[in-house]
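S.K.: Sequence:
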Amino acid sequence: MKNRICEVLNIEKPIIQAPMLWVTSAEMVAAVSEAGGLGTYGFNGGYDTKVTSVEETAERMRTQIRKIKKLTNKPFAFNYVLPFDGIDFFGDACLQVAIEEEVMHVVAAGYVTESAVKKLKDYGMKVIARPVNPTIEQAQLAERAGADVIVATGFDEGGSAPMNTLGTMSIVPVIADSVDIPVLAAGGIVDSRGVKASFALGAEGVFVGTAFITSEESPASQITKDAIIKFESEETVTLKTAYGHERCLTTQSVTDYMENQTAELKDNEAIVEKITQTFLDGFIKGRLDKGFISVSAAVSLIKEIKTCKEIVSDLYSGVPVAV
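Residue numbering for the sequence shown is 10 to 332, as defined by our numbering.
Hints listed in this document are in silico derivations from the structure and should not be mistaken for laboratory results. Please read these numbers as outputs of a predicted model, since none were measured by experiment. One thing to keep in mind: the hints can contain errors.
As the list claims (entries may be wrong) - Lysine-lysine pairs mimicking BS3-like chemistry, simulated, CA-CA at most 25 angstroms apart:
hint, residue 1, residue 2
1, 83, 11
2, 249, 299
3, 130, 205
4, 315, 249
5, 83, 318
6, 294, 315
7, 239, 294
8, 135, 79
9, 76, 294
10, 205, 59
11, 318, 76
12, 83, 130
13, 239, 312
14, 135, 11
15, 315, 78
16, 299, 239
17, 59, 299
18, 135, 78
19, 239, 76
20, 130, 78
21, 135, 318
22, 205, 312
23, 135, 83
24, 205, 11
25, 315, 79
26, 205, 318
27, 11, 318
28, 76, 135
29, 318, 78
30, 315, 239
31, 135, 239
32, 59, 76
33, 318, 79
Using the sequences plus the hints, can you model the full thing?
M.R.: Here it is in structure tokens:
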């Protein structure tokens, strides 16, 4: 059976690696693409030091893109954060780098607007739209604007889980029934059972993050990988954020945060600062006393470190689709 996501993105397997903040690198992205999926570069991936400006983030992305191209000649994507309330966190600076480096696949994440999607399409890009809070309205808006693929994210997600607490089993068929473009299922998908279930729900591919954090090629610290393997799903906690939710391992830093939080962060720069520092500390430096480790609800199913090739192969096992 042919697969529309494979056809439109020119890939072999309808498995898209999520562009996780900090937790990607040239090696990881290239390995996923080489395995037949679509690797996606996320902001500041491949680095272990804090950034001082948006421009530095953009130039880091340029360096990693050039490394990816040396490691694979297969398609890969970059992350574009859609502007929110008129604020551009990383978007335009990184978009300009992607244009200059001729990266033609993009995961556009955030609050979808027709103008933002049309801008990306005007550059000739293949657009994977990922509404941070998926709704029928957001999905249909993305489709009208020309998005090639839409991501239906369920509350089973780890990072950037939606405000609405609809699970993956619920939101995927709702979105799939509302649009004609192909849908990617996201949230709690870490093995072939989740992939097969996603297809049964109407998705034509999957959008996977947590499973790749423990990959051999992942830049996450060994401490972090060991913690993900050790923790069970019931040992996670969901934190409310300005844009949705984060499901995290219940480390000392998360416990302290919950006990001492007196008010929600409302300043956007403060939000970016908090997310940037806590994810850098948690994922990359393995500082469980200071950082956060965001994971999906299916973290219990991750029990060993594998290569990206093995992970893609395991996810794809028994799925009846091919180019």
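S.K.: With a cut-off of 25 angstroms on the C-alpha distance, tell me whether residue 59 and residue 299 pass.
M.R.: holds, 15 angstroms
S.K.: Regarding the pair residue 315 and residue 239, is the alpha-carbon distance no greater than 25 angstroms?
M.R.: holds, 15 angstroms
S.K.: If you draw a straight line from the CA of residue 76 to the CA of residue 294, is it 25 angstroms or shorter?
M.R.: At roughly 22 angstroms apart (the allowed maximum being 25 angstroms), residue 294 and residue 76 satisfy the hint.
S.K.: Within a Cα-Cα threshold of 25 angstroms, do residue 315 and residue 249 meet the stated pairing?
M.R.: violated, 31 angstroms
S.K.: Would you mind confirming whether the straight-line C-alpha gap from residue 76 to residue 135 stays at or under 25 angstroms?
M.R.: holds, 21 angstroms
S.K.: Are residue 239 and residue 312 close enough, with their CA atoms no more than 25 angstroms apart?
M.R.: holds, 7 angstroms
S.K.: So if I understand the rule, the pair passes when the alpha-carbon distance is 25 angstroms or less; does residue 318 with residue 76 pass?
M.R.: Roughly 19 angstroms separates the two Cα atoms, so the pair holds.
S.K.: With a cut-off of 25 angstroms on the C-alpha distance, tell me whether residue 135 and residue 83 pass.
M.R.: holds, 14 angstroms
S.K.: Please verify whether residue 315 and residue 79 have alpha carbons no more than 25 angstroms apart.
M.R.: Judged against 25 angstroms, a Cα distance of about 23 angstroms means the pair holds.
S.K.: Taking 25 angstroms as the top limit, are the C-alpha atoms of residue 205 and residue 312 close enough?
M.R.: Answer holds: residue 205 to residue 312 is near 20 angstroms, not above 25 angstroms.
S.K.: Against the 25 angstroms threshold, does the CA-CA distance of residue 135 and residue 318 hold or violate the hint?
M.R.: Between residue 135 and residue 318 the Cα gap is close to 24 angstroms, so the pair holds against 25 angstroms.
S.K.: Regarding the pair residue 135 and residue 78, is the alpha-carbon distance no greater than 25 angstroms?
M.R.: Holds: residue 135 and residue 78 sit about 18 angstroms apart, inside 25 angstroms.
Consistency with the previously given hints fails for numbers 3, 4, 10, 19, 31, ordered from lowest to highest.
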